[in-house]
Amino acid sequence: FTLLASQPTLRLSMLERMIQIRQRQRDLPAMIDLIDLCLKEQPNNPGYVEAWCYLKLLEGSEMEKAADTIRRLVEADPGRVPTAALVQAFAAYRFGDLETAGREANSVVASKLPPGQRAVLAGILQACGRDAAALRMAEKVPESIVLPEEDHFLKTAL
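If you read the sequence shown in the numbering used here, its first letter stands for residue 0, the second for the next number, and so on.
Some hints could be false.
Said to hold, decoys possible - Mimicking EDC-like on lysine to aspartate or glutamate, the simulated pairs with C-alpha atoms at most 20 angstroms apart in a straight line are: (1) K139 - D150; (2) K154 - E138; (3) K154 - D130; (4) K111 - D67; (5) K64 - D96; (6) K64 - D35; (7) K111 - E142; (8) K111 - D150; (9) K111 - D96; (10) K64 - D32; (11) K154 - E142; (12) K154 - D26; (13) K64 - D76; (14) K154 - E58; (15) K39 - E61; (16) K39 - E15.
What the hints contain is simulated information worked out from the structure, not anything from laboratory work.
Can you make the complete structure from the sequences, with help from the hints?
The following block contains the structure:
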């Protein structure tokens with residue numbers, strides 16, 4: 000890995016592959032470390048920025064910075080990050096603003112989210128009083144492939 004990652008043309012693709020591996024291993028801290036490395040290479044890449052915000056909110060650390068970062072990213076170009084509404088709903092949820100969380104969650108296209116993010120969305124919907132929608136969504140998420148931190152949201156919605 001080190002030899003391949005030292006090649007500039009291969010570095011980001013190797014880091015992205017390592018993130019996928021760490022996700023399958025259910026290792027959130029390692030995923031964050033790898034996203035940090037991606038951001039060092041491309042600090043303005045909206046996909047990396049969104050992933051960092053989501054993972055930090057999931058971890059429960061640097062939440063204010065993550066919420067501010069995703070807000071600024073969306074303000075700069077609203078249609079640029081497809082899962083920004085989920086991250087904004089997640090940030091609002093983390094800060095106890097269920098009204099904003101529910102409003103943002105309503106604009107999320109759940110079918111475009113990976114299973115772990117659908118689990119988080121289901122938990123947010125449940126917290127906002129949309130129990131039936133949360134349950135329908137949660138029932139379709141396979142527990143075995145979500146991060147432990149996402150599984151907490153899944154279990155809340157079930």
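Outcome of the hint check:
1. Pair hint K139 plus D150 holds up; C-alpha atoms about 13 angstroms apart against a cutoff of 20 angstroms.
2. About 10 angstroms separates the Cα atoms of K154 and E138, which keeps this hinted pair within 20 angstroms; it holds.
3. As the CA atoms of K154 and D130 are separated by approximately 12 angstroms, the hinted pair is consistent with the 20 angstroms bound.
4. Restraint check for K111 and D67: the C-alpha separation of about 24 angstroms exceeds 20 angstroms, so the hint is violated.
5. Taken as a hint, the K64 and D96 pair is honoured in the structure, with Cα atoms around 16 angstroms apart against an allowance of 20 angstroms.
6. With a CA separation close to 14 angstroms, the supplied pair K64 and D35 stays within the 20 angstroms bound.
7. For a cut-off of 20 angstroms, the pair hint linking K111 to E142 stands: about 18 angstroms separates their Cα positions.
8. The straight-line distance between the Cα atoms of K111 and D150 is roughly 19 angstroms, inside the 20 angstroms bound, and the hint therefore holds.
9. For the hint pairing K111 with D96, the CA-to-CA distance comes to about 24 angstroms; that exceeds 20 angstroms, so the pair is violated.
10. At roughly 16 angstroms between alpha-carbon atoms, K64 and D32 fall within 20 angstroms of each other, so this suggested pair holds.
11. A threshold of 20 angstroms between alpha carbons decides the hint, and for K154 with E142 the separation of about 9 angstroms falls inside it, so the pair holds.
12. For the proposed pair K154 and D26, the alpha carbon gap of about 19 angstroms is at most 20 angstroms, so the pair holds.
13. The hinted pair formed by K64 and D76 meets the criterion: a straight-line CA distance of about 18 angstroms does not exceed 20 angstroms.
14. For the suggested pair K154 and E58, the alpha carbons sit about 17 angstroms apart, so the restraint of at most 20 angstroms is met.
15. Only pairs whose Cα atoms come within 20 angstroms are accepted, and K39 paired with E61 is accepted, the gap being roughly 18 angstroms.
16. For the hint linking K39 to E15, the alpha-carbon distance of about 13 angstroms falls within 20 angstroms, and the restraint holds.
The earlier numbered hints that this structure contradicts are 4 and 9.
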